[in-house]
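Participant: Sequence:
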Amino acid sequence: FFFKTKDIIDKTSEAGKEKLNSLSKQTIIKSKDEKRIEEPTSAIEETQDTQKKSSFLERIMGEREYQTQELNRANESEEQKQEEPSIKIVRDRLPITNETEQKETDKPEQDKETGLEKETTVSHATDSEEIIEEGAENESPISDYVVEPANRHKQVELPEQWEETIKFNKPTIDLLTDEPVEDYKIADEELTKNAELLKDKLQKFDIEIQDIRVKPGPVVTLYEIVPSPGVKISKIVSLENDIALALAAKGIRIIAPIPGKSAIGVEIPNQTPSLVVAKSVIRQIDKAKAELPLGLGKDISGEIYITDLAKMPHLLIAGSTGSGKSVGINMILASLLYSKDPSEVKFAIIDPKKIELSFYNKLKHHFLAVSPDLSEDIVTMPQNAVVLLKSVEYEMERRYDKLAKAGVRNIVDYNIKVSDPTRKPKDTDQIKHFKLPYIIIIIDELADLMITAGKEVEEPIARLAQLARAVGIHLVLATQRPSVNVITGVIKANFGSRIAYQVASKIDSRTILDMNGAQQLLGRGDMLFLPGGTPKPVRIQNAFISTEEVEKITDFISSQKGYSKPYFLPSLIEKKQERGGGLSAELDPLFYDAAMAFITSKQASVSLLQRKLKLGYSRAARIVDQLEEAGVVGPNDGSKARELLVDSEDALETIIRNL
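Note that my numbering numbers the sequence shown so that position 94 is 105, with each residue one more than the last.
To be clear, the hints were calculated from the coordinates, so they are not data collected in a lab. It is possible that some hints are incorrect.
Ranges between beta-carbon positions, derived for each pair [to be verified]:
1) ILE666 x ASN252: 52 to 58 Å
2) ASP438 x GLY534: 52 to 58 Å
3) GLN282 x ILE244: 24 to 30 Å
4) GLU190 x ASP661: 49 to 55 Å
5) PRO383 x GLU597: 57 to 63 Å
6) PRO383 x ILE244: 56 to 62 Å
7) SER570 x ASP253: 54 to 60 Å
8) ASP438 x LEU624: 46 to 52 Å
Where a beta carbon is used, it is the ideal one built from N, C-alpha and C, also for glycine.
Make a model of the complete structure from these sequences and hints.
Facilitator: Here it is as structure tokens:
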């Protein structure tokens, strides 16, 4: 059908060419698309044969294309006043490569005095140019009939992830290292000896004990002491260093009292700790009744400890260098990779150190959530981290709109409703309803972001922590500097669940846990986990997962067929367009000059702009507000100068292009 149609068009073009050469006089008029050639009335008879062929094209073009062309004809008829038959050059709008020079050559010359074309030559060198003749017996407007070439110019749009279904096999447990064959277990003689030493030491300080119960763990053993009536708990707590000296222990921790028990706990490190491997914990993941199970390790009783991120709903992690934070994050990710499908959970990963979480870049088409405004899938630059966080914040707003339209209160109820065809809400042009995956934001080093971006990072984190739980968005933040400058009051207030690895001082321990204890941990995965809403933390030995094991897991997943494209978060550029096209239409003419003045001076303030550009206060303040909204300067911070977020002209031009 295509070749027959093309042959007819070629014949039509040849007929038009012969007619053009036979004309003695031509009058040129301008039309909307191209220059139109107006013929004398005497040419009507010569064009009737070609007119029949064009009518034949109308019938074979197909109803769909014909209707489209008729719509174009209706729009053009308002401007065209056709009184005589004419020949019209119709060009399709498809970009044909290597033909630009040919089209320029084909453009007719004009007479300088009359403005009319001297001579018209129709070239058949390109496939995108056709000549169609129309009669004017009924003085009807001209219709354009264009046979579109093959689909070589059409870009095939990839389907969204929710429109696809992929077959996914979860990682096998064989990818993980087996437990040591000769795993050390503390001997009963050592436990009995420590219990006797503890009892004797307390008696020397006139502290009577009714009973001592021992609960050995992989790294630490808990001794539960039941004191005699009348013994003050504070007296036992004050003997912490004396007890450590008597037992020759690396460091002990006293729990006074143990929550839910009428006893005092004394945690004493084992002389030879046992290794908790990831395989022993991951094996129990499927048995846990949790929406987002996190296998942390073993508690001091030697029991597997698995918690639910969905109930936390956010997690804050802190610890000094080498204490086990990165291993803990890898264990969290491994737990979810073993328990969830790509359709159920996505990870938005920020790794300022660039090396700790780079393995997960392989999961781009399976588990990663990425921003379409960024070139990197695992974010490493502070400014890109701000973009990613704001994209997730925009995703949160969109999800709340969906929940409101569906009449539900959380993501679990929403996914149940949209999975039922009889209850699924109707789609609209603005909102499409489909099953939503959980989104987990992982930040490996928060301190670096807070130093470089500050308020730009803190604001979206705080807003997500306050609102994102209901729509299935959760945060896991880690830092090696648990200072108040990093873990601010705003962040801390919204992170009820926290993990503290070994820290340097009591101050750092109180910053993360609001209590002492983390400074006495042993390192190498020894942690205190404080679940939200509980008064006392739980001591856990973090399961160890090696780099080789992580690489095996990511290789196993990436070897499977993933989605056609990644899970894209909303674009901030599109958000600006939805809200009226951003700032570009209303920028002050001195916007660029003001930004360059700030970059040159390396500081930003309204008064500086007044002096540099000789402006009044109102206009200078308005320009600074525009610079803040564009992301060039930070928000106002009282009497302090605004933070300059852009340090080069190239970075400024990038921002301006995106406005």
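Participant: For every hint, state whether the structure bears it out.
Facilitator: Hints and how they fare:
no.	hint	result
1	ILE666 x ASN252: 52 to 58 Å	holds, 57 Å
2	ASP438 x GLY534: 52 to 58 Å	holds, 53 Å
3	GLN282 x ILE244: 24 to 30 Å	holds, 28 Å
4	GLU190 x ASP661: 49 to 55 Å	holds, 53 Å
5	PRO383 x GLU597: 57 to 63 Å	violated, 25 Å
6	PRO383 x ILE244: 56 to 62 Å	holds, 58 Å
7	SER570 x ASP253: 54 to 60 Å	holds, 58 Å
8	ASP438 x LEU624: 46 to 52 Å	holds, 50 Å
Checked against the numbered hints above, the structure breaks only hint 5 and satisfies the rest.
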